[in-house]
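What follows is the residue order along each chain.
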Amino acid sequence: MRDAFAKSLVAAAKADERVLLLTGDHGYALFDEFRHFFPKQYINAGIAEQNMVGVAAGLGKSGFRPVVYALSAFSPIRVLEQIKLDVCCDELPVLFIGDGAGVVYSTLGASHQSTEDIAALRGLPNMRILSPADAHEMKAAMELAFATPKPIYLRIGKSDLGPVHQAQPKLEWSRLLPVCPGDGPLVFVATGSMVNLAVKLAKDWPGSAVWSAPFLKPLDADSLVAACGRHRVVVTLEEHNVLGGLGGAVAEILSQEHPLPVCRLGVPDRFSCFCGSYSYLMREHGLDLDSARNQILAFTKKHPF
Amino acid sequence: MQSRQGLKLDRHGSLKICMSAALTSYAPADLRRTILRMAYHGSTVHIACAFSLVEILAVLYRNHLKLGAGPDDPERDYLVLSKGHGVMAQYAGLREMGWLSEDQVRSYYGDGTALKGLSDASVPGLEVNSGSLGHGLSVGAGLALGARRRGTSQKVYAIVGDGECNEGSIWETLLFAAHFRLTNLLVIVDANGYQAMGSTAEVLNTDSLEEKFAAFGFEARTVDGHDEALLDQTITELVQGPFPGPRAIIARTIKVKGKGVSFMENTNLWHYSSLTEQTYQAALAELDNAAPGLRP
Numbered sequence: 001m002r003d004a005f006a007k008s009l010v011a012a013a014k015a016d017e018r019v020l021l022l023t024g025d026h027g028y029a030l031f032d033e034f035r036h037f038f039p040k041q042y043i044n045a046g047i048a049e050q051n052m053v054g055v056a057a058g059l060g061k062s063g064f065r066p067v068v069y070a071l072s073a074f075s076p077i078r079v080l081e082q083i084k085l086d087v088c089c090d091e092l093p094v095l096f097i098g099d100g101a102g103v104v105y106s107t108l109g110a111s112h113q114s115t116e117d118i119a120a121l122r123g124l125p126n127m128r129i130l131s132p133a134d135a136h137e138m139k140a141a142m143e144l145a146f147a148t149p150k151p152i153y154l155r156i157g158k159s160d161l162g163p164v165h166q167a168q169p170k171l172e173w174s175r176l177l178p179v180c181p182g183d184g185p186l187v188f189v190a191t192g193s194m195v196n197l198a199v200k201l202a203k204d205w206p207g208s209a210v211w212s213a214p215f216l217k218p219l220d221a222d223s224l225v226a227a228c229g230r231h232r233v234v235v236t237l238e239e240h241n242v243l244g245g246l247g248g249a250v251a252e253i254l255s256q257e258h259p260l261p262v263c264r265l266g267v268p269d270r271f272s273c274f275c276g277s278y279s280y281l282m283r284e285h286g287l288d289l290d291s292a293r294n295q296i297l298a299f300t301k302k303h304p305f
Numbered sequence: 001m002q003s004r005q006g007l008k009l010d011r012h013g014s015l016k017i018c019m020s021a022a023l024t025s026y027a028p029a030d031l032r033r034t035i036l037r038m039a040y041h042g043s044t045v046h047i048a049c050a051f052s053l054v055e056i057l058a059v060l061y062r063n064h065l066k067l068g069a070g071p072d073d074p075e076r077d078y079l080v081l082s083k084g085h086g087v088m089a090q091y092a093g094l095r096e097m098g099w100l101s102e103d104q105v106r107s108y109y110g111d112g113t114a115l116k117g118l119s120d121a122s123v124p125g126l127e128v129n130s131g132s133l134g135h136g137l138s139v140g141a142g143l144a145l146g147a148r149r150r151g152t153s154q155k156v157y158a159i160v161g162d163g164e165c166n167e168g169s170i171w172e173t174l175l176f177a178a179h180f181r182l183t184n185l186l187v188i189v190d191a192n193g194y195q196a197m198g199s200t201a202e203v204l205n206t207d208s209l210e211e212k213f214a215a216f217g218f219e220a221r222t223v224d225g226h227d228e229a230l231l232d233q234t235i236t237e238l239v240q241g242p243f244p245g246p247r248a249i250i251a252r253t254i255k256v257k258g259k260g261v262s263f264m265e266n267t268n269l270w271h272y273s274s275l276t277e278q279t280y281q282a283a284l285a286e287l288d289n290a291a292p293g294l295r296p
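So the sequences go chain by chain: X and D.
According to the numbering used here, the stretch in the first sequence is residues 1 to 305, in order.
According to the numbering used here, the stretch in the second sequence is residues 1 to 296, in order.
Cross-link-like lysine-lysine pairs, in silico, DSSO-like; alpha carbons within 30 Å at most: (1) X/Lys200 <-> X/Lys7; (2) X/Lys40 <-> D/Lys66; (3) X/Lys217 <-> D/Lys116; (4) X/Lys200 <-> X/Lys170; (5) X/Lys150 <-> D/Lys116; (6) X/Lys158 <-> X/Lys203; (7) X/Lys139 <-> X/Lys158; (8) D/Lys66 <-> X/Lys150; (9) X/Lys139 <-> X/Lys200.
These are calculated hints, taken from the structure and not from any lab test.
Given these sequences and hints, build the entire structure.
What follows is the structure, given as structure tokens:
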């Protein structure tokens, strides 16, 4: 999936010399091909993220297509005000890449884990948020992002979980993507790394539908109601705080448009307690297969269908 | 209706460039009168931090900024007001240029009007959104880098405050500008010696600015920020000189934030105070005595 990202970036730089990659001294090895073929379009801005975002805004104002690459723990969080004031206010064409989102850096603690980036950005006018689930979605998302000269945040979470689609899907801004069809009482709406888990969970409730949400903002109400309307319980899954992310967005829309019980599965509203492998930390946060299943069972006991 | 790259209309579609006749030659006393008018009619604050950069703006607008066909000309020079609190001085300059009308100036700060109390890029002639400090300079560095990549001869004149130099992002940009040898960037520090809660020396000392800028890789000079001839000469020398990196001027306007109006000098009060009819007339009278001009 990260390979698909790097290749899409190379393709974009080749197609348009206005594409400039800015990195805050991150992306070792990831950008080897880019640097080899397009050294003049590569800017290592150093460990100085505030300046990097301001510079990207200035480049965007003067006709370039800057791509700001950083760990999602640093951008958007450290530079939220620069994104708001320098980029979003003027709706400049800056594409932000937040790598390592969620608890990918499971052994490194709170500084490198990022479970608040979606919540932080959803409140910024003019910002669009993409969260691809696999390499196919990533390629489609990158193509869409470069075709859309606006402020965009593309979130890259755990990237080696394998494909959820058979081929590159056609992405349409703000709309959900079908993963598994179904008419059962449960519908799963998941984003990023968690689509994979949703597919596994759905097998325990035969007939469940699974949808991927590559767009966290904007999120189309009609598309969501069409996906969820004929089911009885909605389960959302995200590798992000349960507050302010996909689950929040789904609940906001459904509460107005088509009220349904929404079981929001995500990282509880707390920091990781311990060091450990990715799977260890997902278990700590209740996001492994067994824990997620138990949470859904408990929820459906309260909201029987 | 003025469209800025098709996206400004969404925010302030009603703001037009009136292109009225240019008024004067950016005489500082006239600019200060305009600032006083705006502050009085709008009952606003931030008078002193606008006053302190009047001569800097006058010299830039009069002698240095090449604005081409207007605020959307892709080859224009950029005047980046990073210390957005001094925005009334820039509005006064735009009034002189004829880009703002007297009506717009007088409606400043009012309900439903486009001229806000801090700099905002939706206003033609303003390049960045400021007010939160330490933003505009980095955007200016991006503009400078963009101009160089496009192979234009554009210059970026970025005005920061000495109080603003408390912000870490300023120093990130100084590193960046020097590392990438942004020779088309001139940073002018309006070093008026004051910030929100007191003198800069007392709050968080940013003294030795010339040495600091030089150490970061700038060609830096310190001048009297109210001496128009000296400012003009220094800007010319720095911009035309051969130095292979960015340039900086420390414009000393120490303890004269209310420059030109004696009761506003040597105090931080006029960062916060609004004018009454009495203080408005007293300030105008002082400016008139020093530099008689047309009373609007």
